[in-house]
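Visitor: One letter stands for each residue in the lines below.
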Amino acid sequence: MQETIMHNSRELKKEFIKKWVQGLHICCSSKKQMNLLERKNKIKLSADIALASAKNSTTCWSKAIISKAEKDEQNMILVNNLSGSGSKFMCAHQKVSCHKRITSKKILKKSYGFRKKMKKMEPCDHGSNLATCIAKRLVKKRTQVLKRLVPGGEFMDEFSVIKEALDYILSLRVQVDVMKNLVNATTILN
Amino acid sequence: MSSRRSGESSSETLKITDAQIVQLLSKLKQLLPEIRNRRSNKASASKVLQETCNYVRSLHREVDDLSDRLSQLLSTVDAESPEASVIRSLIM
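Sequence order for the protein chains is A and B.
So for the first sequence, UniProt numbering puts the first residue at 1; every next one is plus one.
So for the second sequence, UniProt numbering puts the first residue at 1; every next one is plus one.
Next up, chain B with everything else stripped away, as it sits in the complex:
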């Protein structure tokens, strides 16, 4: 792949995907809680990306936290009670 050819193709793909990138970013904006609450349409691309990263990290933390709590709850389920048997039959 000559450097000239790759230069041309990259500018072509840039033309096509610029509009699509804007569309994607607007979709992302709708998902993010921070930007939605502030109701400002002036969020720049880098701000949207930063909020996306923060949101993904917070979702990861939530999953981790919930797995922790679930494992603690399940470890205390070994008592003999009708509720415990329900849980056991459902999950274990």
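Isolated chain A (complex conformation):
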């Protein structure tokens, strides 16, 4: 299993490098006079979009990054060049399904709130029950934090968030690796 992970990382790296260099060409050659902050944001944005599009819509987090970037019109050139026009259809569909999920979740939350009130009234019987209560609440809290960290996590259930976080971590590692190598190469050449 380690070998398949390594193989996938190598493939992802190749795709990411290709797309990021493309993105950097688009960003850094458009305006010659950019201040440091603007340039840094463009570099970071092109890296994120390149990473997301290198996944080829196989994961939720990558689709979330691209649909978030598409909301800003200034990024459209970058997004279209890196991810192609197919993502637009997916984006619209995702927006509709996300909206449906949000409204249905709101309805569920209202009914859950009532159930929770009823549950809290029940006393915890033995010590082991209390421990599992606390453990469950801790896990729930941590999962909420993870939902905020993984792109698109707010729309996922707890199981998918963990699955997506696995893949997101692996891809972030690839991104950091490539960026480090580029920074080192540029430092040496300078």
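Do not take every clue at face value.
Said to hold, decoys possible - Here are the simulated DSS-like cross-link-like pairs (lysine-lysine), alpha carbons at most 30 angstroms apart as the crow flies:
hint : chain 1 : residue 1 : chain 2 : residue 2
1    : A       : Lys140    : A       : Lys109
2    : B       : Lys47     : A       : Lys18
3    : B       : Lys27     : A       : Lys44
Claimed, not checked - Derived DEER-like restraints, expressed as beta-carbon distance ranges:
hint : chain 1 : residue 1 : chain 2 : residue 2 : range
4    : B       : His60     : A       : Leu108    : 53 to 63 angstroms
5    : B       : Ala19     : A       : Lys110    : 28 to 38 angstroms
6    : A       : Ala135    : B       : Pro33     : 41 to 51 angstroms
7    : A       : Glu38     : B       : Ser44     : 22 to 32 angstroms
8    : A       : Asn80     : B       : Leu90     : 38 to 48 angstroms
Stated by the list, open to error - Quick look at which bits of chain A chain B covers, simulated, 3 or more residues with Cβ under 8 angstroms:
hint : region
9    : 54 to 67
10   : 71 to 80
11   : 131 to 140
12   : 149 to 161
Keep in mind the hints are simulated off the structure, nothing from the lab.
As the structure is a computational prediction, the values presented were derived from the model and not from experiment.
Don't be surprised by glycine CBs; every beta carbon is placed ideally from N, CA and C.
Starting from the known structure of chain A, fit chain B onto it as the hints suggest.
Guide: For chain B alone, coordinates are given in the frame of chain A:
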């Protein structure tokens, strides 16, 4: 969706995904540097999740830091030198 039906389906899905959750958490454990280094198999679910959040945050910070350095380096590249032209042709 009646509340009774949703109660039953949630307990069913819990049965199916409990084992899968354990599997996922063990995979996560292998990825996280902190827990791997300590070599303890006793990491609880909440600890694994906490380490995951910390790791994702640190990776985000690294990306931010590297973008910063890269932008500083690229802004100083406008000198006339063969190396600068290499960088320019590669990235800009």
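Visitor: Hint by hint, say whether it matches the structure.
Guide: Here is what the structure says about each hint:
Simply put, A:Lys140 and A:Lys109 have alpha-carbon atoms about 15 angstroms apart, close enough for the 30 angstroms limit, and the pair holds. Distance hint between B:Lys47 and A:Lys18 is unfulfilled; the C-alpha atoms sit about 37 angstroms from each other, more than 30 angstroms. Between B:Lys27 and A:Lys44 the alpha-carbon distance is near 28 angstroms, which keeps this suggested pair within the 30 angstroms criterion. The supplied range of 53 to 63 angstroms is broken by B:His60 and A:Leu108, whose beta-carbon atoms lie about 31 angstroms from each other.
Under the hint 28 to 38 angstroms, the C-beta atoms of B:Ala19 and A:Lys110, about 32 angstroms apart, fit the expected range. The beta-carbon spacing between A:Ala135 and B:Pro33, approximately 24 angstroms, falls outside the hinted interval of 41 to 51 angstroms. Look at A:Glu38 against B:Ser44: about 44 angstroms separates their beta carbons, and that is not inside 22 to 32 angstroms. For A:Asn80 paired with B:Leu90, a C-beta distance near 23 angstroms fails the hint of 38 to 48 angstroms.
Coverage of a stretch by a chain is defined here by at least three residues with a beta carbon nearer than 8 angstroms to that chain's beta carbons; for the region 54 to 67 of chain A and chain B the count is 0, and the condition is violated. With a cut-off of 8 angstroms between beta carbons, the region 71 to 80 of chain A has 0 residues touching chain B; three or more are needed, and the interface restraint is violated. Only residues whose C-beta sits within less than 8 angstroms of a C-beta in chain B count toward coverage, and the region 131 to 140 of chain A has 3 of them, enough to reach three; the restraint holds. Against chain B, the region 149 to 161 of chain A contributes 3 residues with a C-beta closer than 8 angstroms to a partner C-beta. That satisfies the three-residue criterion, and the hint holds.
Hints 2, 4, 6, 7, 8, 9 and 10, counting from the list given before, are not met by this structure.
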